[in-house]
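These protein sequence lines map, in sequence, to chains D and R.
The numbering of the first sequence is my numbering, which starts it at 10 and goes up by one.
The numbering of the second sequence is my numbering, which starts it at 10 and goes up by one.
By construction, these hints were calculated from the structure, which means they are not laboratory data.
Any given hint could turn out to be false.
[To be verified] Simulated DEER-style distance windows between Cβ atoms:
1. R/GLY136 / D/ILE68: 23 to 33 Å
2. R/ILE68 / D/SER134: 14 to 24 Å
3. D/ARG13 / R/VAL41: 35 to 45 Å
4. R/ASP31 / D/ARG13: 15 to 25 Å
5. D/PRO143 / R/ARG30: 27 to 37 Å
6. R/LYS76 / D/GLY51: 27 to 37 Å
7. D/LEU99 / R/ILE68: 21 to 31 Å
We treat Cβ as the ideally placed atom computed from N, Cα and C, and that holds for glycine.
Number of protein chains: 2
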Amino acid sequence: MSDRDAILFANGAFYLAFTNRDLEAMAEVWSVHKSVSCVHPGWSILYGLDHVMRSWQGILRNPNAPKVKVHNERVEVLGDSAIVTCVEELKGQQFLAATNIFVREGSAWRLVHHQAGPANVDPQSLGPPEDERPRGPVN
Amino acid sequence: MSDRDAILFANGAFYLAFTNRDLEAMAEVWSVHKSVSCVHPGWSILYGLDHVMRSWQGILRNPNAPKVKVHNERVEVLGDSAIVTCVEELKGQQFLAATNIFVREGSAWRLVHHQAGPANVDPQSLGPPEDERPRGPVN
Chain D
10 MSDRDAILFA
20 NGAFYLAFTN
30 RDLEAMAEVW
40 SVHKSVSCVH
50 PGWSILYGLD
60 HVMRSWQGIL
70 RNPNAPKVKV
80 HNERVEVLGD
90 SAIVTCVEEL
100 KGQQFLAATN
110 IFVREGSAWR
120 LVHHQAGPAN
130 VDPQSLGPPE
140 DERPRGPVN
Chain R
10 MSDRDAILFA
20 NGAFYLAFTN
30 RDLEAMAEVW
40 SVHKSVSCVH
50 PGWSILYGLD
60 HVMRSWQGIL
70 RNPNAPKVKV
80 HNERVEVLGD
90 SAIVTCVEEL
100 KGQQFLAATN
110 IFVREGSAWR
120 LVHHQAGPAN
130 VDPQSLGPPE
140 DERPRGPVN
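With the hints as constraints, model all of the structure from the sequences given.
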């Protein structure tokens, strides 16, 4: 698997954990070796895995937490770290712009920073969401 | 100069260019070797140096563009790249949370990605802004 594919896989795992409200899977996504940080829309900046995971616990346990579809991922590989930018679609065509920063840890890429904030997105500019894309030939 | 100091210097140069509305200095801040991207608050994601610099041209030439004070910078060095998170203060105690990603290019650190978005910040949590901090002993 290329670095780019492995990074997109890690980014997809982040959004899958979000959508499935799977706190265990969300914990797996984040780096345990680096100092992590997270900016939810409209929140202050959270530092440290404990704070970040506590915030996700609150979000994922909230039955009113929005489902998220992810569009238009772009990867910029910077050696052993990488930036993924993408558009998050909440219900009702509300859009967020997101920055996700990953680092290589062994054979995996782990999230060290996430920021999402309100964005003015033209729905016409969006590709299909990650979970509705063709997977290539089955055989 | 340590990596951390050099990264904070580059981050300071970014905000100085912003505050001084100095488009030439702003152009100096950004990487010319990597694909850059930028998310202004409420905008869509901009890709490529041309698009990004055109956006800064619009912002810096606008006499109503806000002055920005920067607080609480934190640096996470990831080898030859680095994340700076900080709080941007606009007039009237409006606050933004910002993510700035730098890469090492020769002896300098250059910006490859910037995102800022509205944040709920307790003013009590803020240290003095960068331009009002003591500079250490003069002699």
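Is the gap between the beta carbons of R/GLY136 and D/ILE68 within 23 to 33 Å?
holds, 28 Å
Given a hint of 21 to 31 Å, does the C-beta separation of D/LEU99 and R/ILE68 actually sit inside it?
holds, 27 Å
Can you let me know if the beta-carbon spacing of R/ILE68 and D/SER134 is within 14 to 24 Å?
holds, 22 Å
CB-CB spacing for D/GLY51 and R/LYS76 relative to the 27 to 37 Å hint:
violated, 22 Å
May I ask you to test the hint 35 to 45 Å on the CB atoms belonging to D/ARG13 and R/VAL41?
With a Cβ separation near 22 Å, D/ARG13 and R/VAL41 fall outside 35 to 45 Å, so the hint is violated.
Regarding D/PRO143 and R/ARG30, is the given constraint of 27 to 37 Å on their beta-carbon distance met?
violated, 47 Å
Distance restraint evaluation - R/ASP31, D/ARG13, Cβ atoms, bounds 15 to 25 Å:
violated, 36 Å
Of the hints listed earlier, those the structure fails to meet are numbers 3, 4, 5 and 6, in rising order.
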